[in-house]
Amino acid sequence: MSILNSEDDTFRSFLVEMGESLQSMEEAISELEKSYDIQVVNSLFRSVHTIKGGAGFFELEKVQDLSHEFENILMGIREETIEFKNEMLPVFYDACDALKEMHESENCGSELNIDSICQGLDKFKVTNGNNTLLDESLKEDIKTNKEITPKTKEEFSNDKESFQEISSEEIVSVEQGQSRLSNPSKEITEETRDIIVEEKKESRHLEDTKKQSKILNHNETIRVNIDLLNKLMELTGEIVLGRNQLLQQFKGSEEKSTLVAMAHMISDLQQIVLQTRMQPIGGTFTKFNRIVRDLAKKLNKEIKLIIKGEDTELDRTIVESLSDPLTHLIRNCADHGIESSQDRLSCGKDKVGTIIIEARQEGGKVVLIVKDDGRGIDIERIKNIALAKQIISQNEIDIITDSEAAKLIYYPGLSTATEVTEFSGRGVGMDVVKSTFEKLGGAIDLESTKGEGTCVTVHLPTTLTIMSSLIVRIDGDRFAVPHSELKEVISVRPDDELRIEKIQNKQVYQLRGNLIPILTLRDITNDFDENTQPYPNLEGDLKSNICKNNSNLKTSNDSQQLFLVLHSGANQFGLIIDSIDHTEEIVVKPLANILCKYSYYAGSSILGNSDVAMVLSANGISQNRKLNFEKTENYGETDNKIVEGQLIDLQEKQDLLLFKYARDEQLAVPLSLVFKVEQIVASDVQSMSDSHYVKIKDKNIILLYLNEYLNIKPLPENLDSFYIIIPKIEDFNVGIVASEVVDSAHINLKMEASINSEAVLGITDINRQLTYIIDLFNLAEQVNPDRFKTKKKLLDPRKNRLLVVEDTPFFRHIEKKYFESAGFKVSQASNGKEALDILLKEPNNIDLIVSDIVMPIMDGYELVSKIKTNKSLMHIPIYALTSYTEKEHQEKALAAGFDGYSIKTNKKNILKSVTAHMTEV
Amino acid sequence: MLYSTFYLDDKLMGLPIPSILEIGRSFKIHPVKGAPNVIDGLINLRGKVVTIINLGLAFDVEKVEPTEESRIYILKNNSELKKVEDSDFVLQTSPDNIGIHVSRIADVINVEKDGLNPVPANINHPFYKYVARFNDEFITILEPSNMLNLNEQ
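Protein sequence lines correspond, in order, to chains A and B.
Numbering-wise (this note's numbering), the first sequence opens with residue 1 and increments by one.
Numbering-wise (this note's numbering), the second sequence opens with residue 1001 and increments by one.
One thing to keep in mind: the hints can contain errors.
Where chain B lies over chain A, by a calculated footprint (3+ residues, C-beta under 8 Å) [said to hold, decoys possible]:
| no. | segment |
| --- | --- |
| 1 | 303-311 |
| 2 | 594-606 |
Within a straight-line C-alpha distance of at most 25 Å, the following computed DMTMM-like cross-link-like pairs (lysine to aspartate or glutamate) qualify [stated by the list, open to error]:
| no. | chain 1 | residue 1 | chain 2 | residue 2 |
| --- | --- | --- | --- | --- |
| 3 | B | Lys-1063 | A | Asp-475 |
| 4 | B | Lys-1048 | A | Asp-611 |
| 5 | B | Lys-1083 | A | Glu-585 |
| 6 | B | Lys-1028 | A | Asp-227 |
Hints are computed from structural coordinates only; laboratory data are not their basis.
Computed from a predicted structure; not experimentally measured.
The beta-carbon is built from N, C-alpha and C at its ideal position, and this holds for glycine as well.
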């Protein structure tokens, strides 16, 4: 009599629970692979135990048997009667796999053969002294003849007398360490054993979930049917719309305090409901550990997987669909990308290949990155294979660019694998990956450098439904543009310097160095497809209806023009609009099937005033075949947001704020040290003896005139208004006066040696103009010598050799200067690996290390762990020096092994803590 | 089986009542720029966005204009159709609710199964499903699914 009725609710929930247990088991085994931890063993044990219990209840024999064997071993390890060995792990994985198979099969694998696995597990059982002691006592206690009635554990332990009579065969099997008793009260006997175990081993308690184990999130959770959650989301969406309508209705009214209060509560409600749908992506990531491990083994390569950003949250429905395409990408990296250890060594690379999978939030999107340091994409091979498969023609081969060629991998059927392995090579992968991501509303980008590696970046929207948007008017109709796709709004007046210009009859605009295309809605709808036949597949007496609903679309004229700068991934373009209405939170409703091929619309939405507005999709617009974005990728240096997702290492580039003091001299300060820039009217300046002040938001800021500190020309006379730059340095509340703020620049900073001025870090050429880079720290010192003076402590000459590890050349330079002025002898390294090389070469040459955390190749955390585990290096104190100001980062750094932590902008503190340490030592 | 009939110019057509969600008038139709003319636009049906097809343009005759007499038939979507209890009634419309803009509404008629004739070969049109005879008139019963799915590729 089996309760294996899959309609049964309890059984179904058992299956769900078993699935969860299996997942946490895999995670646990994978943790054990990295390092042994008794907590992990405990959690593994609990999962197996849960499965076994449930299986027993539903009489799933095979599941029960296997989990029982598994549980025994784990029990032994917990109690230290069996010693944990790494060779157990593959068997554990096998057991886990077998259980998974049973979980997924129709009748829970009742015909599955688990003997070999059981034997494998059996082998690890060592009956040492402790074990037999246990069995002896069990034997003894069991020998008494009493009936067992199900009792509570307390009653049981008080009354050890009451055990069921057991025949001799059963006792024998107990002696052999197998408690496979053939009487129906299996469960109870198990409990008996448990109790006796507890009694015998008083010191060992069942360690509880109360201890924080990293892998297991035994948070308080409840299982809720996903339909219910979906309905909750929908209703919340409707409430948001209703609220918007109410706010519209009561716009002019005076008495709307209740409504406003409710409006806030509804916003909160919306946030929280959204969170029910959000799930950290980490769950999907952990199984990649196992996949990479298996792949590495099977392909005979050495591959390491680094996972970052597991806490990033995504809508649940998206997370589930990510697993397959990500798996495919990782398989590609392992199979096609990473070379064999020999090949890698011969290229000068590390023997172990690295695959990095990372998730992070950016704006309204989540960015997923899969990158490897393998051999990169061989463009030539791709072109040749595409030619052979007639995907492109011979002419096209010669004219397409490398990045266009790289996109050929998205064609179904194209694969450069010479043989079809079980992992890849059939050529069906990348097109499915691309369409999966696009179906989710995302965009995929690919970068590859031959010999160095490949990087695939995917941008995904975080929520599919409620979006904050800008409502605009184009030709009389209203459209909604999600804020996450909107970069900025630009108004061009006829007398502006920068105008919308035309190249070959198409409009463009120069946006901070980049020429971006300017589109109109007519362009977009026209370009989409020129021969729309509403019913192309139907025969019969139908005339085609080509005339599109493009009435009233104006063409541009010469008066003021307003356009939105939209972005999709790394692509930008402008969209001309008539006017902006307002901002609204909208619920994006997907388009009906009929309309969904018009991908420049993300959907439609009902506005607060009950009108229906189309929601534009920057992704959809940029995928228009007539727009060719690849050529614009590497154009010039622009601001940071555009270079996201590119493999180009940003370490050599620095953000600077360019400004002018005297009319024709350009100065710069690092943007990261700028707190604010304010525009000041000359009449706001108040003077007190020699100092000048200006009041910003009730704070008096003292003005700093640069020509008093360096040899530059003075400010132009009679300036009505000017700017002040407020630096982000503690205890340095000044406003550095500037006549004009020019721009921000993101450039390679190659400074020439400083001129004779302490306040100047160096001179360089920016945009063909000679620019002084101001040393804000030095200025601070000059302004407030008492606060900032660093005493030149006489450091022990044997202990003053300091290694600065910092990837940004700018900060490295500053730190070097600073520490040298404090009396240290400074050497430099630009990343963890370089530092390690220096240290390993001569471990006794460095007394102290000051390191950044965020660095390429090897970051601070890795560096500190390598140092602290290396016998010859662990004595060297290492300090973290970073731009993160949150406490959690400090704690993380200290937990990682750093001896201390300082923030880059707090210069005083750095030196204080570092030298304090020195005098201790 | 009950059918609701309506006029397209002077031609009488019908749709089975169980497939209709509601018949309404004076909806504010918002045109969709870039969509073919046969799509009148979108309406806000108590919080739901419904796409409206212009019957006239679908048949490639004169466009149906919004007048006092014109009506919009909102058809049930596939999941709503599943709940229709008549097991003989098998109709697929589309996964979303679609509306059809007609020029004039006529009576509701009752036609038995044997009153439904297949469409004669010389009037073959993908949108016609049956021809019914009622009170000396011919009424073409429509097959909405072809109309509602524009580009099957």
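Outcome of the hint check:
1. 303-311: With 0 residues close enough to chain B, the hint is violated.
2. 594-606: Coverage by chain B holds for the segment 594-606 of chain A (9 residues, Cβ < 8 Å).
3. Lys-1063(B) - Asp-475(A): holds (23 Å)
4. Lys-1048(B) - Asp-611(A): holds (11 Å)
5. Lys-1083(B) - Glu-585(A): Violated, at about 34 Å.
6. Lys-1028(B) - Asp-227(A): Violated, at about 32 Å.
Checked against the numbered hints above, the structure violates hints 1, 5 and 6; every other hint is satisfied.
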